[in-house]
Structure formats: structure tokens, C-alpha cells
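**Q** Here is how the chains run, residue by residue.
There are 2 protein chains.
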Amino acid sequence: MYNTLFLPELREMLAAANRAELEEFCQALNAGRTAEFMEGLADDEVWQVLQFADPTRRAEIFGYFPHQRKLTLLEQSPSAQAAELIEELPSDDRVDLIQEMSGQRADQIMPLLPLEDRRDIQRLQSYPDETAGALMTSEVAMLEEHLTVREALEELGRQSSELETIYYLYVVDDKNLLRGVVSTRQLVSSLKTPTRTLGEIMESDVIAALVSDDQETVAERVERFNLLAIPVVDSGRQLLGIITHDDVIDVVREELAEDAQRIAAVEPLEGNFLKVGLWTLSWKRGLWLTILFFAALLTAFALRHYEVELDKFAWLVWFIPLIISAGGNSGSQSATLVITAMTSGEVKFRDWPEVLRREVIVAFGLGSFLAMIGFAVALFIAPSPRAAMVIPFTLLSVIVCGCLCGATLPIVFKRLGLDPAMMSNPFVAGIVDILGIVIYINIARALLG
Amino acid sequence: MYNTLFLPELREMLAAANRAELEEFCQALNAGRTAEFMEGLADDEVWQVLQFADPTRRAEIFGYFPHQRKLTLLEQSPSAQAAELIEELPSDDRVDLIQEMSGQRADQIMPLLPLEDRRDIQRLQSYPDETAGALMTSEVAMLEEHLTVREALEELGRQSSELETIYYLYVVDDKNLLRGVVSTRQLVSSLKTPTRTLGEIMESDVIAALVSDDQETVAERVERFNLLAIPVVDSGRQLLGIITHDDVIDVVREELAEDAQRIAAVEPLEGNFLKVGLWTLSWKRGLWLTILFFAALLTAFALRHYEVELDKFAWLVWFIPLIISAGGNSGSQSATLVITAMTSGEVKFRDWPEVLRREVIVAFGLGSFLAMIGFAVALFIAPSPRAAMVIPFTLLSVIVCGCLCGATLPIVFKRLGLDPAMMSNPFVAGIVDILGIVIYINIARALLG
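Taken in order, these protein sequences are the chains called A and B. First residue of the first sequence: 0, per numbering that gives the first Met the number 0; consecutive thereafter. First residue of the second sequence: 0, per numbering that gives the first Met the number 0; consecutive thereafter.
No lab work stands behind these hints: they were computed from the structure. These figures come from a predicted structure and were not determined experimentally. Keep in mind that the hints are not guaranteed to be accurate.
Note: identical chains are not told apart, hence a pair may lie in one copy or across any two.
Stated by the list, open to error - Under the rule of at most 16 Å between Cα atoms (straight-line distance), these lysine to aspartate or glutamate pairs were calculated in the EDC-like manner:
#, residue 1, residue 2
1, 274, 353
2, 274, 350
3, 283, 269
4, 174, 143
5, 191, 150
6, 274, 345
Pulled out of the complex, with its shape left as it was, chain A reads as follows:
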């Protein structure tokens, strides 16, 4: 789990208080790897080692610890040390940490921070979750139009240590209104003409996010325009901060995990699975569970409706779960494949004839195969070979129905502007359960009279 390669050496160095070696350890490696080697240490040991790194480097190394570990480390340390560290962290990360640490801990640390950092934290905290504002960091390279390429580079050199990313310079006027963007690439390739001004080389058509934008909208835009970072502005186009690519990857992960949850008929949690309140959890699951429950209730009435047949051919009952689950499983396979294909943009509405064509073929293939197995088993259980025939015919029809529902509903829902991931599997399950029973009994009637 941890990389324990250096643990003994580290502990020796600490025991011997070997400053030279410990400084070397903090400095020499990639900061991420340094953190990896330290994960095995106890919290207090981590703090001891970190003291041998200069503040910037210390924050950098700390940044690579797992989120939960960061929290415990901040809870364990003397508040002075914690504050000194937090001061150096990227402003978006530190807000997340402060929001999640215990209230009284935060109250100990906040007063120790410089006024401007405190203000910055409070400002960022004020933005609602899942919006651009909550994702952004306020450390952004803002420069003025009249600067020349050379001046801009030098200014950048001065600022770079404070900035989370320096790959875009944003050009603002004296009211901090966003006027344009210059990528470091443009800047560097403009070095031949060092006296041109940012105003001359900047791109004035800036792709930006509104501070109130939903985080998924932002992530989508960053991906579409293939950006390393996106500036965040208010309605007056004043530059407030930027969102960097690493935060975007997190959003994509979150979004797709939510899809997977919707597919399994859970309202997305939008929060840590272990932290979200049990009431919320129950509600988000109970909602769909109840809807599915009522769908399933119909099957009870359907079966009751077929009381006579079930009485006459009692053995039919034994195959009910098999038939229902065969239909449900093949349906949820189709639905999931179509949903994921739509999310990735592989399938558009206009493709539905092709999707159905392929589904039909696959469904008949799979259906026939399972039908044969089912028939083999039915021969043992059913009173006569003729009776056993009911099972394969039913299985084939139910599986084909399942696949077609599963493949069609997501496309239809998407078309209706509903969320395919949320609506489809529950509906497929419900429809296929009841269909399965109706088909089953009617095939039985037809064959057994």
C-alpha cells in the first residue's frame, strides 16, 4: 500500500537529527515521490521531516498526501505550524481542507493567518458547492495590456512562485475586467519581438466560465476547447480566478461516478459516501427503490390474474424468477451500453436505427443460446417435452424484449430532454418484469391449451 522503501532510513535520520540528509531528502526527489515515501510515517514524524523543507517545498510535498491524511495531519499539528503551511497551499485546496476540518480546529487556525489569506478563504467559501466559484483558485497571473513581451516574462518570473499555474496570462484593465489571454507558449514564441505589447499578441476572444456556472458545464468547456485552465469571471466579466486541469479531471470522475449511480437507480450522492447523512442516503435510494417497488407490485397482480393457469400448471411457477431475471439482465446490459455510448458521444439520436438493428441480432443470438440451456433443464422439470417447450420460447421472447427496451428507452429519454442514465434502468426493469410474466403465461396457454 505505502512505499516503505525509505522508512527505516528516514527514522534513523530523525533519530540522529541528521539535518543535512533530511534536507537532501526533502529537496532531491520529485515532491510527489517524497510524499509517497513519507506516507508510512506517523503524523508527528511527518511533521518533523517537513520542517526540513522550506515553506514552499513543504506545501508542495504536503499537497501530494491523500486528502484524508492531509486532514488528520492538520488536526494533529501545532496550530502555528498548520497555519504556516495553510498559508502556502493553493487557495482552492486550502478552502476544501478548512471546510472539512473540525470547527474548533478551524477557529484555532484562521486567526493565525494573514488578513488577506483570511479574506480570500472567506470569499471562496461563500460560493455554493459544484459551481465554478467553489472550484477556482484565486492565484492567477493578471497583467496589463501595455506590458511588453520581455516585461511580461520578467513579471511572470517574479509572480510564478505564488501562482498555481503560469500557462496562461490573463490581460486585465485597471478595473480587473478580463480583456484577453496570452499563453506562455505565445509569449515564449514572441521572444523574437520582445518589444511587442501583450495587447498586440493577446487573444481577445477568451473562453471563460461564469462564477455561478455548474462544474460539469465548466469541465465540458475545458475539454472541448482543450484548455489547461479556464478563467472564472463574474457577470460583469471581472476576473475572479482560474480553474486548473487537475480540478477538471476530478469533476469528470465525479460526473461519471454519478452516471454509474444513476444507472443503478440511486440519486447521485454529491458527497463522500461515508460522510453523507443517513437520512439523505436513505432518501436518495428510497425514492427509486419505491418506484421500482410499485412497478414490481404490478407483477403480483398479473400473477394473481393468471391464477387459473398457474394452478393448472404449477411447475410453471418454478421458472418465473429465471425468466424475469434473464429479461432484466439483458435489458440492463443494453441500457448501460447505450447510455455509456451516448455519454462518450459514440451514439447520437440519429443512430438509433443502427443501434436497434444490432441489438436485434445480438438479442436473438444470446436469446437462442440461453433458450437452449433453459430447454435442457426444463426437460427434467417439466411434465412433458411438449410442456418444456414453453421455457425456450419464453426466454427468447423475453430477452429480445429486454434488449430492445434497454436500447430504446435511453435514446428516447435523451430525446425528451430527460437524463437517460437516471430514467432507463428502473423503467427497463419494471417494463421487462411485467412483460416477462405476460409473455410467459400466454406462450404457456398457446402451447398447453
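Dock chain B against the given chain A, drawing on the hints supplied.
**A** Chain B only, in chain A's frame:
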């Protein structure tokens, strides 16, 4: 769907062959936005407009068209134009396009490319799918140790137009062996000391990917070390190319879509849903469908085993699908939540007691609620209120079992080194189906004797 805002103007400009305005259109906006405005045009119109952009810009704009559209555009255009464009595309993107375009089209275009591009394409094509080699681009900034900061910046300025990203400079020796990395940030902040050499400021502990590494391993490393790009080396540590952040996002999307498919018991397609062969598709679905089918077959034997009871209390049959689906749905909810929580790192093995504690509470809550509804309905269907009691007790127990199986199995499988996403839902379904029936009949026995 498309942004049609400019279509009329664009067509007018084309009709009037208004060079000035068309050049302005190609140049003024963000390239991504330019592409957006052009999506509504016919293929030949797109080509006409693109002719008014200089080659580099043309390739940039083209890069923002949707993948499928890129292919059709390349199929439609005169091969000379296509070749000229492909020459300018990032080397990883153009390989993908050439691999997907019709064979004879590729044969028309390839000979028109400069020898070195052709070599580069053939080399990249030689790497197996889903490996670092297949993802990487060969345009990478390689510089030598002895260069000074100032020299490096100027060199970078010269190269930048050819490079996909310039945010890391890789320091190589005369045999192209990777010696170190310097981020543009370090370079820019070293401007104060312009005579220091790259060798002095570079970080020699470089996080790199092996050309044969699996793409998910690479993506994971890029995320963990929060990189904008990762260098790709061969076993001899010779630098072959880099993988950029945008490719990493694609991998993450792919990987999570595969998880969703596994959760629904489909072997991940690893390919376009509409393109993958029907045999492959059937096989990847049939595999698990069959396993689930055999699991469900057990229910048939179980029910047969309870022939007597089912004969005595025929009405019990009507609730079988309801009970099974209630258990299955709650189980797959739990499994999916735990799986997604493990993928996102929210849940580790050591958390399982907490997970179970919470599951038990939620399960009893949801179970009791649905049990009450079930009881209400049973009162109408069952012969006596006492008999109706069977339903709520069964529902509660089945839902609790479902949640516990669903929450436990993924953790256990992960612990056993199996893929939780792949194993869990099928197993949960199978176990809960059979459990449900056993519980149901035994509660009935106990209450009705």
C-alpha cells in the same frame, strides 16, 4: 445542436469570395469557437473556408471538429489538401485518423506526406492499443544540459510552433536518454539568473511512463503527480515522446465507462459501441448473461424443492417477483455505491465496518418502509391478515440481506485482488435471488405452519 449563428454570413462571404472577411473569420476567434461556427457547413464549404487560414491555424481549427466529422472531412477532400493538413496535425491525433480512415484513402494520402512524417506515423502505429506508446505524441521539447536558461528560452521560442505542449522541457544527452525535466515555470522563474544551465536547474527525478505501460497506469500516474504531460521512454530510458493532459482525460472517461459496463455485467467493449463486431459484442455480453442465468436456474430448483408449500399457499407465488426484485434492486444500489466510492478512493478496506454499520441502518429504514407498503397490498391479496404478515417480514429480511451482500462483496473482491466492478452485481443478483426465495418460504412456514 450546432451553433448556426454565423452560417448565413459565412455562406455570403463564400459566395462573394470575400477573402478579407474570411481570413478575419479564421483568425479572429478562438480556434475552437471558429470550428463550432463552421460545424453547420457542408464538407466542401468547410474546406473552402479553411483555405483562408494559414496551415498551422487550419490544423488548429480542424482539431476542434468532432472526431467522426474529421474523418468524413478527410475522406471528402482532395488528397493533396488532406495531406497538407495531416502534415500539420499533432502526431498522435493524425495516427488515430489515418488508422480509422478507409484503407485506400490512407494509401492515397500517405505517399504525399514528407518522408519523416511517414516514418513517424508508421512508428506510432506500431504500438499496441491502450498502451502509452499508442497515446503519445512524438513532438516533445528535447534540450541539452549545457544550454543556459536564456538559450533554452530562445530555443523554445523557435521550436514552440512545432510542439503540442511546451510546459515541460526534457533534458536529454546525446543518445536521447532522459536526464531530467525543467518546467517552463522553473525556466521563467530562473530568468533572474539567465546564465545558469538546464543541468543546474533541472529536476533529475523524472516521473515517466514506459512505452509499454497500460494507459490506465499512465493516467493514474499523471493524476497522482498532478502533471500536465508525462514523458514516455523505452526500457533503456530513451525519450520517445509525451502524453498530454487532454489524452489523459480521455483515458479517465474510457476507464470509468468501462466500470459502469462492468457494474451492469458487460465485459468492457474497448471500442466504439457502434463499430465493435457483433460476435465480440455477443460474447462480451453472453459470458456474464450465462453465468447469471445459471445462478437464476438455482431458483427454479429451489422453488421446485418447496413444491408442497407453494401448493398449499398458492397466493405466495404472486409475490415472488416482487420479493426478488426488491432484494436485487437494494443490493445493486449498495454494490454500485460502494464500487464507485472505492474507485474514487472514498472507501478503503479498513472502512468496511463503518460501511456495514451505515448499510444496516439504511437497509432497516428502507426495508421497513417498503415492508409497510407491501403489507398494505398483501392485506387485499392474502387470504387472512395473519397470512399477509408473511410479506412485510420477508421484504424486510430480503432487503437487509440485499444491502449487506451488495456492500460487502465489492470490498471482499477488491481485497482478494479481483475487480469489484466486474464481480459484484452478478454475484449479488445471484445470491439475493436464491436467498430471497429461501427466506420467503421459511417465513411462510413459520407463520402459517
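**Q** With reference to the structure, classify each hint as holding or not holding.
**A** A quick look at each hint next to the structure:
With identical chains, the CA atoms of residue 274 and residue 353 are at most 16 Å apart between copies only, with a shortest distance of 10 Å across copies and 44 Å within one. Taking the shortest alpha-carbon separations for residue 274 and residue 350, only the inter-copy value of 12 Å comes in at or below 16 Å, while the best intra-copy value is 41 Å. Taking the shortest alpha-carbon separations for residue 283 and residue 269, only the intra-copy value of 11 Å comes in at or below 16 Å, while the best inter-copy value is 32 Å. Only within a single protomer do residue 174 and residue 143 lie at most 16 Å apart by alpha-carbon distance; the minimum there is 11 Å, versus 44 Å between protomers.
For the identical chains of this complex, residue 191 and residue 150 are neighbours both inside a copy (14 Å) and across copies (12 Å), given an alpha-carbon limit of 16 Å. In this homomeric assembly, residue 274 and residue 345 come within 16 Å of each other (Cα to Cα) only across copies, at 9 Å, whereas the closest approach inside a single copy is 35 Å.
Violated hints are absent here; each numbered hint is respected by the structure.
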